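Single-letter residue listing:
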Amino acid sequence: MNIFVLMKRTFDTEEKIVIQNGKVSEEGAEFIINPYDEYAIEEAIQVRDQHGGEVTVVTVGNEDAEKELRTALAMGADKAVLINIEDDVENRDQYTTAKVLAEYLKDKEADLILAGNVAIDGGSGQVGPRVAELLGIPYVTTITKLEIDGTNVKVVRDVEGDEEVIETSLPLLVTAQQGLNEPRYPSLPGIMKAKKKPLEELELDDLDLEEEDVEAKTKTIEIFLPPKKEAGKILQGDISEQVKELVSLLHTEAKVI
Amino acid sequence: MARKVLTLAEVRDGALRNVSFEAIAAAKTIAEGGEVVSVVVGASVRSLANELIAYGADRVIVVEHEKLAAYTPDGYAQALQAVVEQEKPEGIVFGHTALGKDLSPKLAAKWQSGLVSDVVAVEETGGNIVFTRPIYSGKAFEKKIVTDGFMFVTVRPNNIAPLEKDESRTGAIVDVQVDIKDLRTIVRDVVRKTAEGVDLSEAKVIVAGGRGVKSAEGFEPLKELANLLGGAVGASRGACDAGYCDYSLQIGQTGKVVTPDLYIACGISGAIQHLAGMSNSKVIVAINKDPEANIFKVADYGIVGDLFEVVPLLIEEFKKLKVHS
Numbered sequence: 001m002n003i004f005v006l007m008k009r010t011f012d013t014e015e016k017i018v019i020q021n022g023k024v025s026e027e028g029a030e031f032i033i034n035p036y037d038e039y040a041i042e043e044a045i046q047v048r049d050q051h052g053g054e055v056t057v058v059t060v061g062n063e064d065a066e067k068e069l070r071t072a073l074a075m076g077a078d079k080a081v082l083i084n085i086e087d088d089v090e091n092r093d094q095y096t097t098a099k100v101l102a103e104y105l106k107d108k109e110a111d112l113i114l115a116g117n118v119a120i121d122g123g124s125g126q127v128g129p130r131v132a133e134l135l136g137i138p139y140v141t142t143i144t145k146l147e148i149d150g151t152n153v154k155v156v157r158d159v160e161g162d163e164e165v166i167e168t169s170l171p172l173l174v175t176a177q178q179g180l181n182e183p184r185y186p187s188l189p190g191i192m193k194a195k196k197k198p199l200e201e202l203e204l205d206d207l208d209l210e211e212e213d214v215e216a217k218t219k220t221i222e223i224f225l226p227p228k229k230e231a232g233k234i235l236q237g238d239i240s241e242q243v244k245e246l247v248s249l250l251h252t253e254a255k256v257i
Numbered sequence: 001m002a003r004k005v006l007t008l009a010e011v012r013d014g015a016l017r018n019v020s021f022e023a024i025a026a027a028k029t030i031a032e033g034g035e036v037v038s039v040v041v042g043a044s045v046r047s048l049a050n051e052l053i054a055y056g057a058d059r060v061i062v063v064e065h066e067k068l069a070a071y072t073p074d075g076y077a078q079a080l081q082a083v084v085e086q087e088k089p090e091g092i093v094f095g096h097t098a099l100g101k102d103l104s105p106k107l108a109a110k111w112q113s114g115l116v117s118d119v120v121a122v123e124e125t126g127g128n129i130v131f132t133r134p135i136y137s138g139k140a141f142e143k144k145i146v147t148d149g150f151m152f153v154t155v156r157p158n159n160i161a162p163l164e165k166d167e168s169r170t171g172a173i174v175d176v177q178v179d180i181k182d183l184r185t186i187v188r189d190v191v192r193k194t195a196e197g198v199d200l201s202e203a204k205v206i207v208a209g210g211r212g213v214k215s216a217e218g219f220e221p222l223k224e225l226a227n228l229l230g231g232a233v234g235a236s237r238g239a240c241d242a243g244y245c246d247y248s249l250q251i252g253q254t255g256k257v258v259t260p261d262l263y264i265a266c267g268i269s270g271a272i273q274h275l276a277g278m279s280n281s282k283v284i285v286a287i288n289k290d291p292e293a294n295i296f297k298v299a300d301y302g303i304v305g306d307l308f309e310v311v312p313l314l315i316e317e318f319k320k321l322k323v324h325s
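As you go down the protein sequences, you meet chains C and H in turn. Residue 202 in our numbering is what sits at position 202 of the first sequence, and the numbering runs on without skipping anything. Residue 233 in our numbering is what sits at position 233 of the second sequence, and the numbering runs on without skipping anything.
In isolation and in its complexed conformation, chain C is listed as follows:
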């Protein structure tokens, strides 16, 4: 089976966010594989181990993403592709990323494409379904279970806490939700092997795309931090008095009850 994973390198949002020159400062910040993409990588490896085939992890980013691609290879992916458009495209958004990925994937005859359902930095959750539409294949988002039998696929999907059982078929794109699996940690032999696995680097030119083909449709004009919250009120006195005061404050001061 020919399996692809769409991966994003993200800022670890456990980090403190600092804004400098109108951008989120990346200085000294930790970068990670987007946590939802880790589920996608793990699932891809499990599907390959069960059904045979090959897992290729693809990312659109800059050369720094090589580190996260190597991690994916160390987990067990077979090949990695870095599509570096940093120097070629100035204004990028989800339209850009999806178009680039779809252009790369269009002649790859993928049976299964996996992605995270959302990236924890930008948080738009658009790229997976956009790529499926551009490739003309069906998709199922936020999946928590995947069963493949020949070309028939049964998927369980999380819908705001409820579960939908969906039947569909390959080729297919799915996006991973938490609960799909427990992503493995790269093993030491895995890390050693990953160094020798193929990592291909492509640019816009290699995909026969021009900047104007992939230019963003939206633009960020400002980034700001939420207003600092004033220190809250820790209530005092015995517990039943505190509870009375709390209910009264919620009713009269905060007016939420």
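Do not rely on the hints blindly, as some may be mistaken.
Claimed, not checked - Keeping only pairs whose Cα atoms sit at most 30 angstroms apart, straight-line, the calculated DSS-like set for lysine-lysine is:
#1 108(C) <-> 110(H)
#2 23(C) <-> 320(H)
#3 322(H) <-> 255(C)
#4 204(H) <-> 229(C)
#5 16(C) <-> 297(H)
#6 320(H) <-> 255(C)
Please keep in mind that the hints were generated in silico from the structure rather than gathered at the bench. All values derive from a computational prediction rather than experimental measurement.
For chain C, the structure is supplied; the task is to place chain H on it using the hints.
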């Protein structure tokens, strides 16, 4: 510049979800005096059209088909495609719900358009329609504009105030016939895991439990409090990992992001991963035995104490308040 703007109304259990009305309010701002047309899609949804008009839609388009009874991206995309070809709108607003998140990127790709997801505020400034949305799990915000094509956005539930409901508003209700074919995904079954009624993303009140709840039974008083306040129960990752409750209740960076009017955190320490999912709630109450717990840093009101003592007392007090008001 007046624009024609479509909204997609969303139906759950035979009723319109609130986000449908919030989408109309957002559409009014984007329309700048232009027409706002709500689209309602399903097997039998015509009777809901009047309520959309009462909430400010100038016109309602009803697309009914037996194959639209359950949401599928292919079915809904065909319905919306037909409406868009007929109406040629300049803006489109969906809710940032499971359905909206699933469907909107497909349509944006089909129409080669941008898409601003998870919008929490819309304003007109300096001749631009400006959309505000959270990034980095709500630790920062960005303002975006659309530079090319449709203004296609999804709005986060519970953030944009709907217009006042006014039954005296009038507007046309029209049917659009669509031939739905070739559904490539089929919904075989829906397993309800969430509590009846209030859904976490739209709840005005959330009572959430953490590791301090100690067991599945420990969630019972929280459920009682939530029911009393017409709210929903949520949980921290710690509580889900410990098996006290289903992952469907998880609030946080991995899990749901919520912005209720009132968030009551019980026995939750306040790990960054959890704060990312709830720190933008309007009012936060923290109940925790540990006075040093991180959750007190984001709380508006805090009680240092045992949740199993505090929550039952709270239930009693809220009951008294209900009787009096």
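Right, here's what the structure says about each hint:
With a C-alpha separation of about 21 angstroms, the suggested pairing of residue 108(C) with residue 110(H) holds against the 30 angstroms cut-off. A C-alpha spacing of about 50 angstroms is found between residue 23(C) and residue 320(H), which places the hinted pair above 30 angstroms, so the restraint is violated. For a cut-off of 30 angstroms, the pair hint linking residue 322(H) to residue 255(C) stands: about 14 angstroms separates their Cα positions. The suggested pairing of residue 204(H) with residue 229(C) holds, with an alpha-carbon distance near 20 angstroms, which does not exceed 30 angstroms.
Of the supplied pair hints, the one linking residue 16(C) and residue 297(H) holds, its CA atoms being roughly 15 angstroms apart against a limit of 30 angstroms. With a C-alpha separation of about 16 angstroms, the suggested pair residue 320(H) and residue 255(C) falls inside the 30 angstroms cut-off, and the hint holds.
Comparing the model with each earlier hint shows a violation of hint 2 alone; every other hint is respected.
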